Amino acid sequence: MDFTSNFIVQLINGIALGSTYALIALGYTMVYGIIMLINFAHGEIYMVGAFVGLALVTIFKVHIIIAFLGAMLFCMLMAVSIEIIAYRPLRRSKRLAALISAIGISIILSNLVNLLVGPKPQTFPSIEKILFEIKSFDLIAGAQINTLQILLIIVSAILMIGLQYIVKRTKVGKAMRATSQDYDTAALMGINVNRIISYTFAIGSALAGAGGVLVGIYFGVVKYNMGMLPGMKAFTAAVLGGIGSIPGAMFGGIILGVIEMMTVAIGFSSYRDAIAFGILILVLLIKPTGLFGKQIFKKV
Amino acid sequence: MTLLNGLLPPYIESIAITVGIYIIMALGLNLITGVTGQLSLGHAAYMSIGAYASAVVSLQLGMPFIFALLAGGIAAGFFGLIIGYPTLRLTGDYLAIATLGFGEIVKSLLFNMPIVGGAMGLAGIPFKSTLTVTLIVVIIVIWMMVRVERSRFGRALLAIREDDIAAECYGINTSLYKVKMFVLGTFIAGIGGALWAHKIMVLQPRDFGFMKSIEILNMVVLGGLGSIPGTVLGAIVLTSIPEVLRFSSDYRMLLYGALLVIMMRFRPNGLLGGVDVTKLVKKSIKSITGSNFADKEKKKVKGGN
Amino acid sequence: MALLELNKLTIQFGGLIAVNKVDLKVEKGQISALIGPNGAGKSTAFNLATGIYSPTSGKVLYKGQDISGKPPYYINGLGIARTFQNIRLFKELTVLDNVKIGCHSRSKAGIFGAITRLSAIKNEEKQIEEKAFQALKLMGLDKKYDEFADNLSYGEQRCLEIARAMASEPELLLLDEPAAGMNLQEKIVLIEKINKIREMGLTIFLVEHDMKFVMGLSDRVAVLDYGVKIADGTPEEVQVNADVIAAYLGKEVV
Ligand SMILES: Nc1ncnc2c1ncn2[C@@H]1O[C@H](COP(=O)(O)OP(=O)(O)OP(=O)(O)O)[C@@H](O)[C@H]1O
Ligand SMILES: [Mg+2]
Numbered sequence: 000m001d002f003t004s005n006f007i008v009q010l011i012n013g014i015a016l017g018s019t020y021a022l023i024a025l026g027y028t029m030v031y032g033i034i035m036l037i038n039f040a041h042g043e044i045y046m047v048g049a050f051v052g053l054a055l056v057t058i059f060k061v062h063i064i065i066a067f068l069g070a071m072l073f074c075m076l077m078a079v080s081i082e083i084i085a086y087r088p089l090r091r092s093k094r095l096a097a098l099i100s101a102i103g104i105s106i107i108l109s110n111l112v113n114l115l116v117g118p119k120p121q122t123f124p125s126i127e128k129i130l131f132e133i134k135s136f137d138l139i140a141g142a143q144i145n146t147l148q149i150l151l152i153i154v155s156a157i158l159m160i161g162l163q164y165i166v167k168r169t170k171v172g173k174a175m176r177a178t179s180q181d182y183d184t185a186a187l188m189g190i191n192v193n194r195i196i197s198y199t200f201a202i203g204s205a206l207a208g209a210g211g212v213l214v215g216i217y218f219g220v221v222k223y224n225m226g227m228l229p230g231m232k233a234f235t236a237a238v239l240g241g242i243g244s245i246p247g248a249m250f251g252g253i254i255l256g257v258i259e260m261m262t263v264a265i266g267f268s269s270y271r272d273a274i275a276f277g278i279l280i281l282v283l284l285i286k287p288t289g290l291f292g293k294q295i296f297k298k299v
Numbered sequence: 000m001t002l003l004n005g006l007l008p009p010y011i012e013s014i015a016i017t018v019g020i021y022i023i024m025a026l027g028l029n030l031i032t033g034v035t036g037q038l039s040l041g042h043a044a045y046m047s048i049g050a051y052a053s054a055v056v057s058l059q060l061g062m063p064f065i066f067a068l069l070a071g072g073i074a075a076g077f078f079g080l081i082i083g084y085p086t087l088r089l090t091g092d093y094l095a096i097a098t099l100g101f102g103e104i105v106k107s108l109l110f111n112m113p114i115v116g117g118a119m120g121l122a123g124i125p126f127k128s129t130l131t132v133t134l135i136v137v138i139i140v141i142w143m144m145v146r147v148e149r150s151r152f153g154r155a156l157l158a159i160r161e162d163d164i165a166a167e168c169y170g171i172n173t174s175l176y177k178v179k180m181f182v183l184g185t186f187i188a189g190i191g192g193a194l195w196a197h198k199i200m201v202l203q204p205r206d207f208g209f210m211k212s213i214e215i216l217n218m219v220v221l222g223g224l225g226s227i228p229g230t231v232l233g234a235i236v237l238t239s240i241p242e243v244l245r246f247s248s249d250y251r252m253l254l255y256g257a258l259l260v261i262m263m264r265f266r267p268n269g270l271l272g273g274v275d276v277t278k279l280v281k282k283s284i285k286s287i288t289g290s291n292f293a294d295k296e297k298k299k300v301k302g303g304n
Numbered sequence: 000m001a002l003l004e005l006n007k008l009t010i011q012f013g014g015l016i017a018v019n020k021v022d023l024k025v026e027k028g029q030i031s032a033l034i035g036p037n038g039a040g041k042s043t044a045f046n047l048a049t050g051i052y053s054p055t056s057g058k059v060l061y062k063g064q065d066i067s068g069k070p071p072y073y074i075n076g077l078g079i080a081r082t083f084q085n086i087r088l089f090k091e092l093t094v095l096d097n098v099k100i101g102c103h104s105r106s107k108a109g110i111f112g113a114i115t116r117l118s119a120i121k122n123e124e125k126q127i128e129e130k131a132f133q134a135l136k137l138m139g140l141d142k143k144y145d146e147f148a149d150n151l152s153y154g155e156q157r158c159l160e161i162a163r164a165m166a167s168e169p170e171l172l173l174l175d176e177p178a179a180g181m182n183l184q185e186k187i188v189l190i191e192k193i194n195k196i197r198e199m200g201l202t203i204f205l206v207e208h209d210m211k212f213v214m215g216l217s218d219r220v221a222v223l224d225y226g227v228k229i230a231d232g233t234p235e236e237v238q239v240n241a242d243v244i245a246a247y248l249g250k251e252v253v
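Protein chains in written order, with numbering that gives the first Met the number 0: chain R, 0 to 299; chain L, 0 to 304; chain S, 0 to 253.
Same shape as in the complex, but just chain R (with noise of 0.2 Å):
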């Protein structure tokens, strides 16, 4: 293979990879942009979809895409419970307090998968068994690019077109987008602001949980700590796109995951993870607001 062609599929590997950085991404985003609140748990939802929707495939023989749903909706219920339960007490107390419950619950999530699955790698069946079998395409210059791919970034995609819809076009994504730059005054307009933040954890889990599935599809793998790295790099993607912003979440993520990949291609894989945490370190250090995100006036 050339460099060209090497180029080319280390790209699409990277957009692949990198929507679901993307989707995890924009929980991360949503949720701080309404709560200011890192959730570190988030990963560990994204982790905890990957096991329902595997679950649901092996035990309960559901077809995929039944399993993908249920993913969602667990995850979904699950983060709407956490916020509730965790979350929202500490909602008035110091920041750190909210921060520290958000560690825990992660440590929770990812320790009680572990006690119930064990720390061995569970193996996701094979999409060829379930949906279709898997064909490559040529592209330019010998590069290739398989169905599974394609299918990872189409769901991907209408997702987060799905997302967009919801933000922009309906009334709850109208109340989430004032919660966001104004939480007392969203309150003093008579928006449930309660409501808005359950239904900001209930979205962002969702498309967590559906990375979850996607990626046990695409690398054929689930751990229980799988959620770990990936959810920082997600929240790295978060940053880079600009904290608070959709668009850069997305972006983001997909810019990282393509950067990841090119570091693998130029013989670096040993440093992929580390090369996630140096780009967060950059991003904080020379532009903090990210890429689209607005220099944000903290009222005082």
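Worth flagging that the hints you see were computed from the coordinates, not collected in a lab. This one's a predicted model, so the numbers in the text were calculated from it and none came from an experiment. The C-beta atom is built at its ideal place from N, Cα and C for all residues, glycine as well. Hints should not be assumed to be uniformly reliable.
Calculated lysine to aspartate or glutamate pairs in the DMTMM-like style (CA-CA distance at most 20 Å, straight line) [claimed, not checked]: (1) Lys27/S <-> Glu168/S; (2) Lys119/R <-> Asp249/L; (3) Lys93/R <-> Asp149/S; (4) Lys222/R <-> Glu103/L; (5) Lys69/S <-> Asp163/L; (6) Lys7/S <-> Asp231/S; (7) Lys90/S <-> Asp163/L; (8) Lys278/L <-> Asp145/S; (9) Lys93/R <-> Glu91/S; (10) Lys282/L <-> Asp145/S; (11) Lys142/S <-> Glu155/S; (12) Lys278/L <-> Glu146/S; (13) Lys298/R <-> Asp163/L; (14) Lys222/R <-> Asp249/L; (15) Lys281/L <-> Glu146/S; (16) Lys90/S <-> Asp162/L.
Anything over 12 Å on all C-beta distances counts as not near chain L; from chain S, calculated [unchecked claim]: (17) Gly13; (18) Glu26; (19) Ser56; (20) Ser152; (21) Gly154; (22) Met214; (23) Gln238.
Following the hints, put chains L and S with the ligands in place on chain R, whose structure we already have.
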């Protein structure tokens, strides 16, 4: 100087040294998270930097232990500066995620570095952290922390925790103070790590993972964020209980997670929150001696209580 | 030269111009007031003067020096101290510590000072304590030094805000709605104290909605409406100004 060593049964002595090291670790984190309100999730990474740096000083340079200790502290503090500077200048909670990421990076770098033995670890470190030495360091660190807390510098840190904008309006360069504080906190973590290296004598990267950072965070949260006696208590309790109960580490981790959530919900100021230990001690001294000489030091313990 | 001067000061939040080309002078030794309906931009003007926000355009001059965009801690060091409309005390700290933190700009000890506690540092700490008690006494809070700030009554918290500001030994004191939420008795006491502070040689610049309070206390009054200065003058002049009456129409006017 070696008075205390060998006084206790070896097993108890070993636990006592471990408790001492964790008191040091937890006090460093208390400064960062408890006093200043900045969440760090990579405290174990700074411990590992201190541990490895000091081990290298001992093994490669054969210098006396005091230099190894200081080298551990300085190396950790240096990385504290590198991580703290970009993240602490910003408002928001970037430190938490950056320290989390940093912790993972350090672990993977240590795995890949031949000079420190990679995944095999670093063996043959001399045993230097005797009970006496550890105790001396513990006392110095507690003494330092108490002094810091009751100073202009410490008050500024508390002000940042309480309200960083108001703090800034009253003359406190909050970013600078946060960075200085973080360097001091990670320096102490490095000292703790150096002691650790010269106690267990073999270092492996996996000993300093995320789980260890969370364990130390739990000590601070349990005892009371911002409270020195609380932190000491938290470190003692959480270091000795697993030694006694010995349940599997999976359950232990689950418990740690639950503890964080429950404490924040029901007792955010920790077990000793709202208890003024200095007053309590004074009162008991008073009732025992009947005099009030203890009142001379009339300052209060500030912070989480 | 005016002690504080706002020069075509403007700040824009997204589509909203919260402060719009405002020119204003605060003369040394006087009590100046800034009034205007809710949302007029008064607090924002204070935030600009104390460095919390950087202006979109225009300048803030203090003693002729351009301080726009300088960080708050630096501005406090120059001699400007403020209180907050939505009280921002260090809630979980004692009253005394709150005021001691106010002394930050006028003291020096750092980390090493804290640890070594040399005699110079000890002296400084003693001075901080004395100054803090003076400020507390001034505001009538010295008996409560040991309480947590959070446990004070609302009026006391407002007084503590002023005490904390006074501890930084400012030349210019900015008070954002110092009398809000106070009862009549408390307001009378507060007026006395503000006058006393003026007699100590400080310049005061305040925002307040209570018109009796403002008109009784101030030498000069400026009026903001939708970010624009619509009037400026003595209390008597401002009260009869047609624009001001229109801006306040339907609201309480003296
Ligand atoms: N950080 C900010 N971001 C966006 N808009 C802001 C911000 N701070 C203030 N504003 C807006 O600027 C306008 C002026 O606000 P400001 O607080 O200065 O009013 P004010 O005159 O102090 O009113 P009040 O008498 O109610 O205190 C308001 O519309 C407010 O919503
Ligand atoms: Mg105001």
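Can you give the numbers of the hints that this structure goes against, from lowest to highest? none
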